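What follows is each chain in one-letter form.
Number of protein chains: 2
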Amino acid sequence: MPAKDKMDKTKMVTCTAPVNIAVIKYWGKRNEELILPINSSLSVTLHQDQLKTTTTVAVSRSFQDDRIWLNGKEEDIAHPRLQSCLREIRRLARKRRNDGAAGLDSTGLSHKVHICSVNNFPTAAGLASSAAGFACLVYTLAQVFGVEGELSGIARQGSGSACRSMYGGFVQWIMGNTDDGKDSLAQQVEPETHWPELQILVLVASAERKPVGSTSGMQTSVQTSCLLKHRAESVVPGRMVEMIEAVRKKDFPAFAELTMKDSNQFHATCLDTYPPIFYLNRVSQQVINLVHRYNRHYGETRVAYTFDAGPNAVIFTLRQHVSEFVHVVQHFFPPETNGGDFIKGLPVNHTALSEELKQGIGLEPMPKGVSYIISTKVGPGPCVVEDPSQHLLASDGLPKECV
Amino acid sequence: MPAKDKMDKTKMVTCTAPVNIAVIKYWGKRNEELILPINSSLSVTLHQDQLKTTTTVAVSRSFQDDRIWLNGKEEDIAHPRLQSCLREIRRLARKRRNDGAAGLDSTGLSHKVHICSVNNFPTAAGLASSAAGFACLVYTLAQVFGVEGELSGIARQGSGSACRSMYGGFVQWIMGNTDDGKDSLAQQVEPETHWPELQILVLVASAERKPVGSTSGMQTSVQTSCLLKHRAESVVPGRMVEMIEAVRKKDFPAFAELTMKDSNQFHATCLDTYPPIFYLNRVSQQVINLVHRYNRHYGETRVAYTFDAGPNAVIFTLRQHVSEFVHVVQHFFPPETNGGDFIKGLPVNHTALSEELKQGIGLEPMPKGVSYIISTKVGPGPCVVEDPSQHLLASDGLPKECV
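Line by line, the protein sequences are chains S and W. Each residue of the first sequence is one higher than the one before, counting from 0 in numbering that gives the first Met the number 0. Each residue of the second sequence is one higher than the one before, counting from 0 in numbering that gives the first Met the number 0.
What the hints contain is simulated information worked out from the structure, not anything from laboratory work. Some hints could be false.
Within a straight-line C-alpha distance of at most 35 Å, the following computed DSBU-like cross-link-like pairs (lysine-lysine) qualify [said to hold, decoys possible]:
1. K367(S) x K248(W)
2. K249(W) x K228(S)
3. K399(S) x K8(S)
4. K28(W) x K249(W)
5. K357(S) x K367(W)
6. K228(W) x K228(S)
7. K343(W) x K357(S)
8. K228(S) x K8(W)
9. K357(W) x K249(W)
10. K357(S) x K249(S)
11. K228(S) x K10(W)
12. K209(S) x K248(W)
13. K249(S) x K228(W)
14. K367(S) x K357(W)
15. K209(S) x K209(W)
16. K367(S) x K209(W)
Note that the structure is a prediction, hence the values are computed from the model and not measured.
From just these sequences and the hints, can you work out the full model?
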């Protein structure tokens with residue numbers, strides 16, 4: 000290889016993407032390869048100050064192979080879903096070049112990529128890191144190859160729920176009807192600035208065992224649960240309309256109740272799966288009881304829970320109730336030490352709980368049931384990181400540090 | 000009152016009635032007062048040698064009021080469901096007397112009754128004691144008043160599932176269609192002698208808290224769960240046909256799988272209720288996992304579970320597998336002491352478990368999760384106890400012993 004080729008500049012872009020939490024749940028595919036869902040879903044994008052994936056993509060003529068490092072460890076680039084995303088982005092870039100799109104930087108279209116990605120939260124938090132991860136990958140690849148426009152359909156092919164992490168705020172994934180999946184896309188319902196009072200708490204539950212993965216879980220559910228089929232066909236369409244309306248009107252009780260009902264119905268279809276799947280453990284059940292008793296005590300719906308395919312609760316509430324509810328959780332799930340480590344993220348004021356409230360809730364405390372709380376809010380979609388010092392890859396195209 | 004009246008002979012009858020366990024579950028009423036269900040159900044009657052209610056009814060001109068003692072404690076006879084049963088039996092007796100039925104002993108129709116009832120199993124066992132209790136009450140009252148024929152419609156008005164305890168063997172409760180409930184009756188599908196290989200184990204789980212009662216639980220489910228409505232209307236009718244066929248053919252795998260699926264679906268509808276109801280605790284979840292892993296190890300369905308509105312499992316298996324499975328339970332739920340107290344009821348042979356089986360199941364043991372096991376089988380319906388020494392009431396009409 001001539002020396003001048005080796006000197007070719009490596010092109011490098013770093014982006015971040017958010018985690019999202021579904022309030023109308025996605026569970027079950029009608030097409031496994033294209034990742035087409037059996038129903039539409041709706042999610043809230045969490046703020047990247049607390050939870051995000053950061054990805055650097057480098058392209059260079061000097062790279063011999065496509066390679067990927069996830070959280071400091073090199074992984075197999077041959078993973079079919081990774082390959083889908085790489086292939087689709089390159090196809091789109093090629094198509095744009097051939098169409099003669101203005102300003103397209105087609106450098107490197109035939110070169111190999113190095114990808115490096117890290118999360119700022121532990122995998123143990125059980126948050127759907129694949130959604131943030133694939134959204135970030137697709138967004139960053141698109142920047143590198145100069146692709147613009149609709150990208151959620153590509154992110155979807157990495158991980159279904161990743162398509163919803165392509166936007167900030169409140170996002171719906173419209174299931175679509177066509178066989179090729181071209182109309183199965185995410186769409187922003189309202190931006191992250193729409194409902195500033197809405198606050199989010201992630202309650203990381205101590206888990207006794209590793210739950211069934213969502214990919215195989217939803218396959219089994221589609222094959223065996225007749226309640227899931229009914230839910231997808233006859234329940235979710237109406238709920239999507241109701242949820243969009245609740246979000247638009249910032250109607251917290253309506254939003255909260257529908258969120259809780261939909262979480263419960265998703266877990267009900269897991270239980271109707273054969274063999275049944277349990278994602279809610281005794282801590283989750285106690286969080287559910289706590290929320291209902293808290294709301295009952297005040298005679299209004301002030302707090303809502305939702306659970307994905309794991310035991311951790313995501314709590315929605317309004318700003319004026321955050322501090323009290325955090326202390327309610329701390330009281331009924333007394334942590335090992337009462338240090339500041341229990342509450343991470345956005346600051347939470349101290350609040351003393353009244354005896355009346357504690358007695359009104361009337362649950363037996365469950366020590367160490369909740370490991371910690373992440374306090375966060377609704378946040379924006381993927382962003383480019385302009386500061387080159389933040390790149391995760393060094394100029395030689397290898398990770399700066401192996402964790 | 001003249002002395003001769005006081006001398007009038009007290010008429011006394013003692014009967015026993017069985018517990019039943021539903022394999023197609025009843026959950027939800029379309030008429031609360033008449034106790035008319037939203038779907039048909041099917042149960043297996045458990046043997047009275049292990050689990051039964053015994054009831055003595057006495058009638059005497061000298062009694063001033065109707066009175067009832069349950070498990071040694073006097074209870075309020077004004078309870079509406081008790082009153083329904085008393086009223087309906089007396090109405091039937093009066094009708095038969097007016098119709099001039101041959102051999103009818105109409106003595107005492109205008110007299111008051113004393114009722115005394117005990118279970119031979121602890122209420123803590125969480126077995127639907129109200130089914131056995133109301134079945135026994137109605138059956139005994141009918142004997143006292145000389146009423147014959149169809150009685151399940153009256154037992155149903157005491158407690159829905161009590162109608163199924165009016166027969167032995169395999170019993171369906173046909174939901175019926177009429178508003179007056181006259182066609183909502185139990186019917187024997189096959190007698191207790193039909194499938195002698197079928198054996199039953201009740202796994203009494205250590206419970207952390209008292210679950211939601213079934214009466215209020217099913218009301219909330221009917222009001223809030225859209226999955227329950229779908230189940231009742233569109234799933235259960237087909238399952239009733241399949242279950243009756245599996246029982247008739249003694250097809251254990253078909254019977255077992257449908258039993259497990261229906262139990263899971265019932266609990267799924269509880270979770271789809273708002274607020275959600277949890278009857279399965281972590282012990283129940285572990286029993287479910289154990290059964291599926293045991294079956295998977297052998298590549299065939301040898302054992303099935305079903306759970307009513309509580310954490311205790313009822314296990315079905317065939318005679319040749321009882322001993323091994325009991326020891327599997329004992330291994331994965333190590334009791335406090337390994338004494339004989341862990342296994343009650345029908346004798347169970349000792350079996351050594353192979354390492355291969357233990358490793359094939361591969362679960363973490365959960366010490367003291369199961370308090371004890373009751374080993375039993377399919378049994379007959381209500382019976383008259385001929386031995387007068389077994390009466391629970393003394394000749395003065397008061398309980399022989401107050402516990």
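Hint check:
{"no.": "1", "hint": "K367(S) x K248(W)", "in the structure": "violated (51 Å)"}
{"no.": "2", "hint": "K249(W) x K228(S)", "in the structure": "holds (30 Å)"}
{"no.": "3", "hint": "K399(S) x K8(S)", "in the structure": "holds (18 Å)"}
{"no.": "4", "hint": "K28(W) x K249(W)", "in the structure": "holds (31 Å)"}
{"no.": "5", "hint": "K357(S) x K367(W)", "in the structure": "holds (31 Å)"}
{"no.": "6", "hint": "K228(W) x K228(S)", "in the structure": "holds (14 Å)"}
{"no.": "7", "hint": "K343(W) x K357(S)", "in the structure": "violated (42 Å)"}
{"no.": "8", "hint": "K228(S) x K8(W)", "in the structure": "violated (64 Å)"}
{"no.": "9", "hint": "K357(W) x K249(W)", "in the structure": "holds (29 Å)"}
{"no.": "10", "hint": "K357(S) x K249(S)", "in the structure": "holds (29 Å)"}
{"no.": "11", "hint": "K228(S) x K10(W)", "in the structure": "violated (58 Å)"}
{"no.": "12", "hint": "K209(S) x K248(W)", "in the structure": "violated (40 Å)"}
{"no.": "13", "hint": "K249(S) x K228(W)", "in the structure": "holds (30 Å)"}
{"no.": "14", "hint": "K367(S) x K357(W)", "in the structure": "holds (31 Å)"}
{"no.": "15", "hint": "K209(S) x K209(W)", "in the structure": "holds (28 Å)"}
{"no.": "16", "hint": "K367(S) x K209(W)", "in the structure": "holds (22 Å)"}
When held up to the earlier numbered hints, the structure conflicts with 1, 7, 8, 11 and 12 and fits the remainder.
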